[in-house]
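Model the full structure from these sequences, guided by the hints.
What follows is the residue order along each chain.
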Amino acid sequence: MNEIITAVLLVLGSLFSFVAALGMLRLPDTVIRMHAATKAGTLGAGLILIGEAFFYAELGIALRALAAIAFLLLTAPVAAHLIGRAAYYSGVKLWQKTWIDQLAERYISGGYSDPDHK
Amino acid sequence: MPVDSSPVAIAGQFALALLLISIILALARLVKGPAAADRIVALDLISILIVAFLAAYSIYAGETSFLDVAIGYALIAFLGTVALARFLMRSALKRSENPETEENMRRHE
Numbered sequence: 001m002n003e004i005i006t007a008v009l010l011v012l013g014s015l016f017s018f019v020a021a022l023g024m025l026r027l028p029d030t031v032i033r034m035h036a037a038t039k040a041g042t043l044g045a046g047l048i049l050i051g052e053a054f055f056y057a058e059l060g061i062a063l064r065a066l067a068a069i070a071f072l073l074l075t076a077p078v079a080a081h082l083i084g085r086a087a088y089y090s091g092v093k094l095w096q097k098t099w100i101d102q103l104a105e106r107y108i109s110g111g112y113s114d115p116d117h118k
Numbered sequence: 001m002p003v004d005s006s007p008v009a010i011a012g013q014f015a016l017a018l019l020l021i022s023i024i025l026a027l028a029r030l031v032k033g034p035a036a037a038d039r040i041v042a043l044d045l046i047s048i049l050i051v052a053f054l055a056a057y058s059i060y061a062g063e064t065s066f067l068d069v070a071i072g073y074a075l076i077a078f079l080g081t082v083a084l085a086r087f088l089m090r091s092a093l094k095r096s097e098n099p100e101t102e103e104n105m106r107r108h109e
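Protein sequences appear in the order of chains A and B.
Under this note's numbering, the first residue of the first sequence is numbered 1, with each subsequent residue one higher.
Under this note's numbering, the first residue of the second sequence is numbered 1, with each subsequent residue one higher.
Simulated from the structure, these hints should not be mistaken for laboratory data.
Please read all numbers here as calculations on a predicted model, not as lab measurements.
Glycine included, C-beta positions come from ideal geometry on N, C-alpha and C.
Pair ranges (Cβ atoms, derived):
(1) 96(A) / 24(B): 25 to 31 Å
(2) 69(B) / 104(A): 40 to 46 Å
(3) 5(B) / 63(A): 29 to 35 Å
(4) 79(B) / 35(A): 21 to 27 Å
Structure, rendered in structure tokens:
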């Protein structure tokens, strides 16, 4: 039974990882690509780690797998936030169909322009 | 290692192959760029994919110590991503502080 659950989780996790990589290659701009990297990528790795916990069915392994998942879930948003801010600030081009850019009033052409913060 | 015809072995081979293809696709984005931020995002995804690959290989090979390798790799990869993002942020800051420098003039041409 555990073997079947593990096999299903392995296939699902690798499929989500593949979707993440496909999105990384095909999506139109940096900020949109970050969706693929952080969400689908973390989900894929997390599913495979849960599969590992099911496969060995030992407390030590399961706890280590859970620790790895918790670490991924904690660090992925932090890294994504840092990259997104640096990307926007360094002036990456947004997709031509982007219709809302709330930071545009604060950051002007790669420079910080808000007088309240400096 | 599980028996060759067991569901875990078959799923493991499938998952390892698919993860390798995914890493190659992310590498293509790493090469293509075009901005430095794109490369950092691609590198971040590659590190997450390598963690997934290590976990899958640990199941496939029946070797639990690869799980520890995956945890350690995730730690170091996070630090690397943060360092690269801060580096990009700092160079962008420098550019906006002295916009008249030669390098910046070249960039705007």
